[in-house]
Amino acid sequence: MKFSDFFHAWLHESYYKNAVSIGKNGDFFTAVSVGNLFGTLLAKHFLNLIDKKILQPPLELVEIGANEGYLSRDFLAALLELRPEIFSQISFFIIEPHEKLKNLQKKTLEGVEFTHKNSLKECHFKNAFFFCNELFDSFTCELIDHDKLAFVENFKLIFKNMDENLITKCKALNLTKGELSLELENFFKDLDQACERFIFAGFDYGTLNPQNFSLRIYQKHEVFSPFEVSLKDFFGK
Numbered sequence: 151m152k153f154s155d156f157f158h159a160w161l162h163e164s165y166y167k168n169a170v171s172i173g174k175n176g177d178f179f180t181a182v183s184v185g186n187l188f189g190t191l192l193a194k195h196f197l198n199l200i201d202k203k204i205l206q207p208p209l210e211l212v213e214i215g216a217n218e219g220y221l222s223r224d225f226l227a228a229l230l231e232l233r234p235e236i237f238s239q240i241s242f243f244i245i246e247p248h249e250k251l252k253n254l255q256k257k258t259l260e261g262v263e264f265t266h267k268n269s270l271k272e273c274h275f276k277n278a279f280f281f282c283n284e285l286f287d288s289f290t291c292e293l294i295d296h297d298k299l300a301f302v303e304n305f306k307l308i309f310k311n312m313d314e315n316l317i318t319k320c321k322a323l324n325l326t327k328g329e330l331s332l333e334l335e336n337f338f339k340d341l342d343q344a345c346e347r348f349i350f351a352g353f354d355y356g357t358l359n360p361q362n363f364s365l366r367i368y369q370k371h372e373v374f375s376p377f378e379v380s381l382k383d384f385f386g387k
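Numbered per this note's numbering, the sequence shown spans residues 151 to 387.
Rather than coming from a laboratory, the hints here were simulated on the basis of the structure.
Owing to the predicted nature of the structure, the values given are computational and were not obtained by experimental measurement.
Quick reminder that beta carbons are idealized off the backbone N, C-alpha and C, glycines included.
Among the hints, a few may not be true.
What the hints assert, rightly or not - Under the rule of at most 25 Å between Cα atoms (straight-line distance), these lysine-lysine pairs were calculated in the PhoX-like manner:
(1) 382 x 370
(2) 271 x 339
(3) 152 x 276
(4) 152 x 167
(5) 387 x 306
(6) 202 x 271
(7) 370 x 387
(8) 252 x 174
Stated by the list, open to error - Cβ-Cβ distance ranges computed for the label pairs, FRET-style:
(9) 343 x 385: 51 to 57 Å
(10) 356 x 263: 34 to 40 Å
(11) 240 x 159: 35 to 41 Å
(12) 159 x 263: 21 to 27 Å
(13) 233 x 306: 50 to 56 Å
(14) 383 x 240: 42 to 48 Å
(15) 296 x 159: 22 to 28 Å
(16) 323 x 387: 48 to 54 Å
(17) 343 x 298: 32 to 38 Å
(18) 347 x 296: 39 to 45 Å
Assemble the whole structure, with the sequences as input and the hints as a guide.
Rendered as structure tokens:
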């Protein structure tokens, strides 16, 4: 199978579906794991957009990729402290397809009135502010090595010739070696169709046009190269 299909099965049919923890007791840290500063700064940014009339209430607040819901908790707590009257002008949503994660989010956000949606495809927002942290690195991707595409056979990565359409897309992006997420394009199409008006605040990390593989496996805060280990030992865990 193509690596992107293997990636999807690993993360979205197993790993995230099982509601794994993030932080000290999980496999990796994010900025949200170490305190409430990230959520507080995001709330200040949101209020600044309102003060500058870049955003105008009433508004829908939407988090995608919330995992346990800690960023939403910190964000909303900061809004409550900084400008509690804003709550009469906002409605809050989390887009989450996995039932176990929905339950974790309900527990973390106990007492908060919000609505779960399974995907952008079932949403219609008039005036939305989206936020997410490290969402895009959970999107399925292809591994590109010049004119070769990664496949997985018997839990081993192998590279085969890729089709002309993909070669053309890589040339347009000046990509010779690295990851290519075709899901990203579909995501933004869905986002555009789901909203009449929106601002999207997404946070992720990386190097612009690195021309090398950045794919890594994180397990209990150790880092492994997928090209140097047995994928079978890590799959879905």
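Within a Cα-Cα threshold of 25 Å, do residue 382 and residue 370 meet the stated pairing? holds, 17 Å
Holds or violated: 48 to 54 Å for the Cβ distance of residue 323 and residue 387? Hint violated: Cβ distance 32 Å, outside 48 to 54 Å.
With a cut-off of 25 Å on the C-alpha distance, tell me whether residue 387 and residue 306 pass. Holds, because 17 Å separates the two Cα atoms, which is no more than 25 Å.
Holds or violated: are the alpha carbons of residue 370 and residue 387 at most 25 Å from each other? holds, 10 Å
Given the hint that residue 271 pairs with residue 339, test it: the Cα-Cα distance must not exceed 25 Å. Status holds; Cα separation ~10 Å.
Residue 159 and residue 296 - C-beta distance against the hinted 22 to 28 Å: About 26 Å separates the Cβ atoms of residue 296 and residue 159, which means 22 to 28 Å holds.
Range hint 34 to 40 Å: satisfied by the CB atoms of residue 356 and residue 263? With Cβ atoms ~35 Å apart, the hint holds.
Starting from residue 152, check that the Cα of residue 167 is at most 25 Å away, please. Since the Cα atoms of residue 152 and residue 167 sit roughly 21 Å apart, the hinted pair holds (cutoff 25 Å).
Given the hint of 32 to 38 Å, is the C-beta distance from residue 343 to residue 298 inside that range or not? holds, 34 Å
Is 42 to 48 Å right for how far apart the beta carbons of residue 383 and residue 240 are? Because 45 Å falls inside the window, the suggested range holds.
Please check whether residue 159 and residue 263 have a Cβ separation lying inside 21 to 27 Å. Cβ of residue 159 to Cβ of residue 263: about 35 Å, so the range 21 to 27 Å is violated.
Would the hint linking residue 202 and residue 271 be met if the CA-CA limit is 25 Å? Violated, at roughly 31 Å.
Violated hints for the displayed structure, listed by number in ascending order: 3, 6, 9, 12 and 16.
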